[in-house]
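Q: Chain by chain, the residues run as shown.
Protein chains: 2
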Amino acid sequence: MLTYTFEKGGGISLYEQLYRHIREDILSGRLHSGEKLPSKRMLASHLEVSVITVRNAYEQLMAEGYIYGVEKKGYYVSTLEQPLRSSSSPMVQMAEPVKTYQLDLVTNSISAEYFPFTVWARMMRQTILEQDKKLLVPPPYNGAELLRQAIAQDLQQFRGMTVDPEQIIVGAGGEVLYHLLVQLLGRDRCYAVEDPGYRKIGQIYESAGVQLRRIRLDDAGLSVEALRGSDADVVHISPSHHYPTGIVMPITRRQELLRWAGEKEGRYILEDEYDSEFRFVGRPIPTLFSSDEHQHVIYMNTFSKTIAPSIRISYMILPPHLLTAYREKLGFYACTVSSFEQYTLAAFMMQGRYEQHINRMRNRYRQKRDAVIQIICQGPLAGRVEIMEQDAGLHFLMRLDTRLPDGRLKEQAAARGVRLAMLSDYYRCAADAPEHVVVVNYSGIEPEHLRLGMEQLAEILEGSSCTTN
Amino acid sequence: MLTYTFEKGGGISLYEQLYRHIREDILSGRLHSGEKLPSKRMLASHLEVSVITVRNAYEQLMAEGYIYGVEKKGYYVSTLEQPLRSSSSPMVQMAEPVKTYQLDLVTNSISAEYFPFTVWARMMRQTILEQDKKLLVPPPYNGAELLRQAIAQDLQQFRGMTVDPEQIIVGAGGEVLYHLLVQLLGRDRCYAVEDPGYRKIGQIYESAGVQLRRIRLDDAGLSVEALRGSDADVVHISPSHHYPTGIVMPITRRQELLRWAGEKEGRYILEDEYDSEFRFVGRPIPTLFSSDEHQHVIYMNTFSKTIAPSIRISYMILPPHLLTAYREKLGFYACTVSSFEQYTLAAFMMQGRYEQHINRMRNRYRQKRDAVIQIICQGPLAGRVEIMEQDAGLHFLMRLDTRLPDGRLKEQAAARGVRLAMLSDYYRCAADAPEHVVVVNYSGIEPEHLRLGMEQLAEILEGSSCTTN
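Keeping their order, the protein sequence lines are chains A and B. Sequential numbering from 1 applies to the first sequence in our numbering. Sequential numbering from 1 applies to the second sequence in our numbering.
Watch out, some of these pointers could steer you wrong.
Heads up, the list lumps identical chains together, so a pair's fine if it works in one copy or across two of them.
What the hints assert, rightly or not - Dumping the calculated SDA-like pairs for lysine to any residue here, alpha-carbon to alpha-carbon at most 20 Å:
no.: 1; residue 1: K200; residue 2: Q183
no.: 2; residue 1: K134; residue 2: P97
no.: 3; residue 1: K329; residue 2: E175
no.: 4; residue 1: K99; residue 2: K134
no.: 5; residue 1: K264; residue 2: Y68
no.: 6; residue 1: K99; residue 2: L129
no.: 7; residue 1: K200; residue 2: L180
no.: 8; residue 1: K200; residue 2: R327
no.: 9; residue 1: K329; residue 2: V210
no.: 10; residue 1: K36; residue 2: M1
no.: 11; residue 1: K200; residue 2: A334
no.: 12; residue 1: K329; residue 2: G209
no.: 13; residue 1: K410; residue 2: E455
no.: 14; residue 1: K134; residue 2: A121
no.: 15; residue 1: K36; residue 2: K134
no.: 16; residue 1: K73; residue 2: E35
no.: 17; residue 1: K410; residue 2: R327
no.: 18; residue 1: K8; residue 2: A44
no.: 19; residue 1: K36; residue 2: K72
no.: 20; residue 1: K134; residue 2: Q157
no.: 21; residue 1: K264; residue 2: C190
no.: 22; residue 1: K99; residue 2: R189
no.: 23; residue 1: K264; residue 2: L212
no.: 24; residue 1: K329; residue 2: Q295
no.: 25; residue 1: K99; residue 2: T324
no.: 26; residue 1: K134; residue 2: N108
no.: 27; residue 1: K200; residue 2: V137
no.: 28; residue 1: K40; residue 2: R125
no.: 29; residue 1: K72; residue 2: Q412
No wet-lab data here; the hints were simulated from the structure. Computed from a predicted model, the values in this text were never measured in an experiment.
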């Protein structure tokens, strides 16, 4: 008869201990496949435990398939094909540690003091109080109605866009929305992105398994001539402020693009405006979306840039016929943003806090930009730098007077603790790019670090001109 | 000379009014392509506004491409290809209104009183206070470390799973994670899902553009024989509690599955445990993931079921070699869950609130289930129903003693305000399914509505037996 000892007071119930003992015996082969187990009554009396304890252990073993019961006969050990046990955790290779730099001109970070913590926290509490039960109801596929209304109202007021809240699809970041779009428009189409441009956007389309073309830019932005020369059906652009060149697409090019879209069935323009809120000069440019009379433009924007990158809320606006298709094909997807955050953001917008925040941020970024440019132009690089494209967005360009190739410059800077991104990094083919142009993402720069970093750069530039002489 | 009138006190600045007037003239064709505009100084004096006002208006028109400047000559109207104006909003077709039912046995909803509002709100406030600046830093690609630690700890303590927090990838819902997996494992592989099963899972794979197979179940869950007969490389299963049959996969079948995975390079099992927390009998079944010694199993679970469907936080656990591949291929994706919610959930778990909540919910659901079953079995259907698979999860099966075909039953019930899901609805081919079995999702049922609904069902059943007699 099976004989086990039980530990008392170890926090593990008797039935659990019995279950574990028998399971161990089955896994180790001490109990053979097909072997009959003692009856519950007999084992209980043998082990001096209650019948209920044995029954519970047997039931657990049955539920997990270690034993099976035959009516009116009893319990038998199942046939296990191979020992099956909890493996010790296999070795996990740790991720490469992130290198830290004294000065990082590549990453745009948002200073903590800029975020309206108190207001946001109040909105959260308010949301919990006011929305109460609504917070537990999953929002519709396209997002909470209140948030979509707030977005539509904001677009009307500050962008002059007339949008029905129904047309808005809320998602957890642009990346999620791009994948939804590919599913909506189809994987058999050919997609085009800007070259140069954000590397990530191309990566996402490639990862989505679609044909990808990279279309060159000229001074007015994406070249429609090059686009026509490609077989692309869908083009992903950022006309209001291109990264990293800073180009604002003029109206003539916008018209050309709309004309391209109208020339063939199934052509679409994805207007990605992630960076449009921080223009420092003039009014925001009217969107392609609102100039489009033939439902060829999908508009997209995000709150990650304007509120905080850790807030994952973006949205896209579909023209009516695509909305109908979306509901049919993709309406089964749950909205990817929690209703808490949707309602909190809606309250933040409805009470005017969002525009207030943007205005404040715009001022702060302008000051920051001015301070950064001043430090650069009055520092040791004075006379060897030219600042370009500083009118919008959280970056500008800085052309260095040097003959050092971009790759070498970056390496030498990194060795001195300065992280640089060159304009040529954003081109598929670096040879097509203007050389010696640094993309300065300035929002997170500390003045002290910047001063030291500029000294490092000046030394590198001097060192290189000495060696070439 | 251009002559415009300006409105004062309308809240629109002079420069903005001037900009609008000139733009209107260009769009309407009153100003011709190539036409020279008056100099800033002349127009300013003509209109009796400051030169700065005119300069600002011209600059905005330039930025938007309506006019262009020629150095030392002046400003000219651009060539527009077609009138480009804000179109009136096209008609948006409204979504079909959601039909409401008196009794809905299809949707599992969570009663508001069950959600620990006060605790959650406190965790949120705490998160804002404690995490402060960390909330603004985007979390790593795989989620906030604190949350991954909390998950690993919970899995160790309550599921006996040993997991390195590095292996955990946090995402905004299972749907997002499935798409990441397809990108990780490849679109050229063939994926298999359970038949019957959640329809949505199959839809997602189809929408991801991969080959999909539906594999039949037998009494022990997914048939490995049928799986072998297919060309599937990746199989998506819910072994701990299958929806809707309620089958718990026994250990023998699990071993068979692991063996299948080991037979060929590149085979994977996706163990989806969305429903495992609400077992009412015995201990939770050990996972396939912890029994897997050869890195073939990807584990997945969600908090949407256990906390609230509006909280979109799920996670998957990758075996080490897939983690390495994930970092290389997909590490560029931002984590889709906001750091606020990640830290809030981490605190909720670390302070033992999560397990407390689950235990409470489990008891409540058990009581709810018992009450629902009692109402069904003692109501007008008594003697004509059999309750099955009620030991786990938020649903059970109810076999009706009737000859009414499933489709007719559903229609007639719907006409009387009762929404039913039949087991056959979850089969690709309804003819393969057992008939007359209702899937009862009970978590949101109100007793009063249930009583009335059962009366309606009884009337339908009686009506149908009369007509067949």
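Q: All hints are to be evaluated individually against the structure, with a verdict given for each.
A: Hint check:
Proximity of K200 and Q183 under a CA criterion of 20 Å is satisfied in both settings, with 18 Å inside one chain copy and 15 Å between copies. Taking the shortest Cα distances, K134 and P97 sit within 20 Å of each other only across copies (18 Å), while inside one copy they are farther apart (42 Å). Taking the shortest alpha-carbon separations for K329 and E175, both the intra-copy value of 19 Å and the inter-copy value of 15 Å come in at or below 20 Å. In this homomeric assembly, K99 and K134 come within 20 Å of each other (Cα to Cα) only across copies, at 18 Å, whereas the closest approach inside a single copy is 44 Å.
In the homo-oligomer, the alpha carbons of K264 and Y68 never lie at most 20 Å apart, since the shortest distance is 66 Å inside one protomer and 31 Å across protomers. With identical chains, the CA atoms of K99 and L129 are never at most 20 Å apart, being 43 Å at best within one copy and 28 Å at best between copies. Taking CA atoms no more than 20 Å apart as the test, K200 paired with L180 passes in both settings, with 16 Å inside one copy and 15 Å between copies. Taking the shortest alpha-carbon separations for K200 and R327, only the inter-copy value of 14 Å comes in at or below 20 Å, while the best intra-copy value is 28 Å.
Taking identical chains as interchangeable, the C-alpha atoms of K329 and V210 lie at most 20 Å apart whether they share a chain (18 Å) or sit on different chains (16 Å). In this assembly of identical chains, the alpha carbons of K36 and M1 lie at most 20 Å apart only when taken from the same copy (11 Å versus 107 Å across copies). Proximity of K200 and A334 under a CA criterion of 20 Å is satisfied inter-copy only: 10 Å between copies versus 25 Å inside one chain copy. In this homomeric assembly, K329 and G209 come within 20 Å of each other (Cα to Cα) both inside a single copy, at 19 Å, and across copies, at 13 Å.
Taking the closest pair of Cα atoms, K410 and E455 come within 20 Å of each other only inside a single copy of the chain (15 Å); across copies the shortest separation is 77 Å, beyond that limit. Taking the closest pair of Cα atoms, K134 and A121 come within 20 Å of each other both inside a single copy (19 Å) and across two copies (15 Å). Proximity of K36 to K134 under the C-alpha cut-off of 20 Å is found in neither arrangement, the shortest distances being 55 Å within a copy and 59 Å between copies. Taking CA atoms no more than 20 Å apart as the test, K73 paired with E35 passes inside one copy only; the shortest distance there is 12 Å, against 102 Å between copies.
For the identical chains of this complex, K410 and R327 are neighbours neither inside a copy (48 Å) nor across copies (24 Å), given an alpha-carbon limit of 20 Å. Taking the shortest alpha-carbon separations for K8 and A44, only the intra-copy value of 17 Å comes in at or below 20 Å, while the best inter-copy value is 96 Å. In this assembly of identical chains, K36 and K72 lie within 20 Å of each other by CA distance solely inside one copy; the values are 13 Å within and 103 Å between copies. Taking the shortest alpha-carbon separations for K134 and Q157, neither the intra-copy value of 28 Å nor the inter-copy value of 33 Å comes in at or below 20 Å.
Taking CA atoms no more than 20 Å apart as the test, K264 paired with C190 passes inside one copy only; the shortest distance there is 13 Å, against 34 Å between copies. Taking identical chains as interchangeable, the C-alpha atoms of K99 and R189 are never at most 20 Å apart, the minima being 39 Å within one chain and 36 Å between chains. Within a single copy, K264 and L212 get their C-alpha atoms as close as 19 Å, which meets the 20 Å cut-off; across copies the closest is 32 Å, which misses it. Taking CA atoms no more than 20 Å apart as the test, K329 paired with Q295 passes inside one copy only; the shortest distance there is 18 Å, against 35 Å between copies.
Taking the shortest alpha-carbon separations for K99 and T324, only the inter-copy value of 19 Å comes in at or below 20 Å, while the best intra-copy value is 47 Å. With identical chains, the CA atoms of K134 and N108 are at most 20 Å apart between copies only, with a shortest distance of 15 Å across copies and 36 Å within one. Within a single copy, K200 and V137 get their C-alpha atoms only as close as 34 Å, which misses the 20 Å cut-off; across copies the closest is 19 Å, which meets it. In this homomeric assembly, K40 and R125 never come within 20 Å of each other (Cα to Cα): the closest approach is 55 Å inside a single copy and 53 Å across copies.
For a Cα distance limit of 20 Å, the shortest separation of K72 from Q412 qualifies neither inside one copy, at 82 Å, nor across copies, at 43 Å.
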